[in-house]
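Line by line, the protein sequences give chains W and F.
Quick note on numbering: the numbering used here labels position 346 of the first sequence as 346, and the sequence is numbered without any gaps.
Quick note on numbering: the numbering used here labels position 291 of the second sequence as 291, and the sequence is numbered without any gaps.
These are computed hints drawn from the structure, not numbers from a lab.
Cβ coordinates follow ideal geometry from the N, Cα and C atoms, glycine included.
There could be a bad hint or two in this list.
Said to hold, decoys possible - Just some of the chain F residues that point at chain W, by a computed CB distance under 8 Å:
| hint | residue |
| --- | --- |
| 1 | G270 |
| 2 | T324 |
| 3 | M326 |
| 4 | Q327 |
| 5 | V351 |
| 6 | A355 |
| 7 | E356 |
Claimed, not checked - Mimicking DSS-like on lysine-lysine, the simulated pairs with C-alpha atoms at most 30 Å apart in a straight line are:
| hint | chain 1 | residue 1 | chain 2 | residue 2 |
| --- | --- | --- | --- | --- |
| 8 | F | K265 | W | K265 |
| 9 | F | K111 | W | K364 |
| 10 | F | K111 | W | K111 |
| 11 | W | K322 | W | K364 |
| 12 | F | K265 | W | K395 |
| 13 | W | K12 | F | K322 |
| 14 | W | K401 | F | K30 |
As the list claims (entries may be wrong) - Covered stretches of chain F (in silico footprint by chain W; criterion: 3 or more residues with CB under 8 Å from a CB of chain W, positions within the stretch not fixed):
| hint | stretch |
| --- | --- |
| 15 | 9 to 22 |
| 16 | 42 to 50 |
| 17 | 142 to 151 |
| 18 | 222 to 228 |
| 19 | 359 to 368 |
| 20 | 373 to 384 |
| 21 | 401 to 410 |
Residues per chain are reported as follows:
Protein chains: 2
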Amino acid sequence: MALTKTPVTGMKDIMPDEMEIRDYLISLIKETYKSFGFTPIETPAMESIQNLTAKQGGDNEKLIFKVMKRGEKLNLGKAQTADDLVDAGMRYDLTVPLVRFYSNHANDLPKPFKALQVGPVWRADRPQRGRFRQFYQCDIDILGEASNIAETELLLATTTVLGKIGFEGFKVHINDRRLLKAMASYAGFADEDHDAVFITLDKMDKIGADGVRAELSENGYDAAVIEKYLALFEAMNGADDRLAKVAEILGEENEKGAAAVRNLKEITAGVEACLSVPCELMLDPTLVRGMSYYTGTIFEVEIAGLASSCGGGGRYDEMVGKFTNMQTPAVGISLGFERLITILLEQGFRVPGAAEKTAILVDKKVAGEALTAVLKEAADLRAGGRTVLVAKMAKNKKFQKEQLAADGYEEIREVYAD
Amino acid sequence: MALTKTPVTGMKDIMPDEMEIRDYLISLIKETYKSFGFTPIETPAMESIQNLTAKQGGDNEKLIFKVMKRGEKLNLGKAQTADDLVDAGMRYDLTVPLVRFYSNHANDLPKPFKALQVGPVWRADRPQRGRFRQFYQCDIDILGEASNIAETELLLATTTVLGKIGFEGFKVHINDRRLLKAMASYAGFADEDHDAVFITLDKMDKIGADGVRAELSENGYDAAVIEKYLALFEAMNGADDRLAKVAEILGEENEKGAAAVRNLKEITAGVEACLSVPCELMLDPTLVRGMSYYTGTIFEVEIAGLASSCGGGGRYDEMVGKFTNMQTPAVGISLGFERLITILLEQGFRVPGAAEKTAILVDKKVAGEALTAVLKEAADLRAGGRTVLVAKMAKNKKFQKEQLAADGYEEIREVYAD
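Build out the structure end to end from the sequences listed, making use of the hints.
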């Protein structure tokens with residue numbers, strides 16, 4: 001009756017060394033976000049399956065771990081599909097649970113409500129190196145604040161956290177779904193084609209302007225429209241001030257475009273003025289962000305010298321209303337917690353201010369009052385702030401001491417009977 | 001397409017007020033346990049279903065939330081039972097995952113290995129007031145330490161944590177499965193009847209000696225044996241020093257009984273000598289603890305004035321070996337985390353050292369440089385250790401301020417455009 005020793009497929013055990021960094025990071029993040037007035041909440045790991053399959057999760061809805069019904073005896077004969085046996089699933093993000101939480105408790109929550117969530121989510125992705133089927137997300141969201149003070153606070157809080165961890169030089173890629181749409185309309189794309197066009201635009205990083213041109217052309221769009229669209233991006237890339245440039249091209253009469261530009265200018269000015277750590281906010285006209293629920297500002301945070309983004313989010317003013325009939329503006333940012341942990345592990349990060357460690361190895365003949373004296377001394381040392389481990393001396397004492405030294409015990413005492 | 005607003009049956013949302021206490025408690029617990037040399041680990045929320053149904057979980061195995069297989073298309077026609085559709089389940093405790101973790105990583109772990117785990121577990125119990133289907137457990141375990149230094153350290157660590165939370169006056173009920181067995185043998189029960197006898201003995205609290213007598217008699221045991229057994233407990237209850245009394249009755253030649261008494265004496269002396277907080281260790285000869293995997297010392301921790309126990313555990317020297325063929329002594333204690341939270345909430349507990357809070361309400365006409373100045377001031381205040389919330393002034397300013405005051409914002413400023 002031997003156990004399966006390994007974790008379930010695609011999930012991982014977390015060892016003490018990594019846990020120390022994770023615990024440190026979580027408390028640093030929570031403490032910093034709390035100083036911005038965010039308050040922590042927690043929802044169950046499971047949500048009812050209807051909530052998880054309500055078309056707000058995009059492709060993540062294909063990756064749900066489903067939990068079997070409890071209580072009634074399951075009737076396999078009557079079940080038409082596996083879904084008849086299921087009434088809950090593991091959450092695939094923290095946004096759907098937040099919206100449910102908010103709709104359940106809105107009367108008891110302040111307005112605006114600044115939510116802070118740190119916790120695991122589950123996605124049955126194809127297992128691959130460095131990506132796991134259970135991983136932590138770390139989200140802050142502001143519900144009930146329509147003004148861009150919300151975006152500014154989110155970005156300030158996030159860059160402050162990253163600065164406190166010890167990172168330097170951030171780049172915030174910022175855009176606005178309304179600007180994306182104004183630009184597409186200006187070029188001549190019909191409203192109903194926008195989402196499809198943005199899926200192609202999102203690939204600009206990888207396939208370049210020529211690739212985007214080819215794909216849009218393949219999808220049947222008019223060549224003149226495509227050229228006008230691409231010329232817009234080229235003009236912006238060449239400009240010192242992209243926001244000024246796009247405002248100039250679209251013109252003041254383009255109200256939605258002008259509103260988006262104003263929005264981005266205000267956020268940029270607010271964030272750049274308040275940062276203690278250098279941070280560049282940059283209009284990225286090709287930033288799309290996958291989820292279709294975004295309605296306004298969208299952003300991604302990049303740390304200088306690290307390839308991928310380590311956080312992102314945006315405004316989703318319609319999601320709460322769609323789910324609950326309570327119109328509530330909302331904006332959130334998700335920190336790439338696992339990405340940050342990976343980076344810190346690669347950099348050999350050491351948690352600052354860790355306690356000094358003493359190990360007291362007790363010979364097996366030490367007993368009674370002599371042993372009590374050892375335990376008492378250990379208690380005194382702990383009261384003074386040290387980490388103290390008391391253990392029986394092993395037969396292979398040399399190996400035991402080597403292991404302890406490797407675990408950071410810089411002082412190792414041996415106690416023998418008189 | 002409205003969302004289900006409530007959490008899944010039997011689970012709960014955690015509101016900011018409670019979360020603040022939970023976060024505080026978790027970090028206090030972790031910090032204190034770490035000072036004893038315990039190191040945090042984490043395992044996935046799911047375990048393979050074989051590991052969860054290996055008869056180590058007692059009745060908890062009936063309460064497993066089962067997770068459906070992923071990957072292959074599920075074939076309902078071929079499935080004989082619901083279990084054919086399942087390959088994992090939600091963990092119902094932290095002990096089975098720990099044993100799996102240890103067997104997977106033993107070569108990379110120090111000996112003894114002192115594990116610290118805090119995290120949710122899931123049990124599909126009948127929903128009832130105050131008990132939830134997702135709840136936190138908080139365990140420390142020592143693997144690879146055969147001596148009772150391990151028990152002593154576990155009890156010292158746990159009472160130290162409880163003292164730091166602010167509780168006073170602990171009672172540790174302590175017993176030893178070997179003493180339980182020695183007493184049952186002394187009375188004349190056959191070895192194979194011991195577990196059944198202990199199930200009855202465990203009810204002494206509720207049904208008293210007469211109830212125990214009746215139930216044992218009903219189960220067909222000899223009246224003389226029952227009377228000799230009950231006389232033992234009566235003699236111990238009347239004694240000043242129960243350990244001395246039982247040692248005297250069983251006699252030195254009863255080796256297992258004598259070893260158990262010695263063990264309990266050593267632990268009692270060690271713990272009582274080192275505590276800064278008053279704590280009474282008391283042999284409780286009727287303490288059984290449900291799980292059959294315990295092999296030696298067992299204990300429960302009680303806080304004076306609170307009805308139920310708030311922690312318990314014991315030695316389980318055979319479980320790791322049974323699962324993995326690596327004989328490894330082990331002992332652990334589980335703190336009643338949810339019980340402690342309930343008590344603290346009832347007592348109106350306030351987290352000590354919380355930051356002072358300032359709210360800055362900004363009139364809608366404040367924009368541009370004036371708004372930036374506000375954000376800058378907020379950043380400065382935060383750098384000085386305050387919690388600062390910046391928000392647009394609501395139309396109903398009076399209500400907004402009342403809510404903020406209720407949330408602990410003792411300073412509320414209003415900023416208007418010049």
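When the structure is checked against the list of hints, which entries are broken? Sort them ascending. 3, 4, 5, 7, 8, 10, 11, 18
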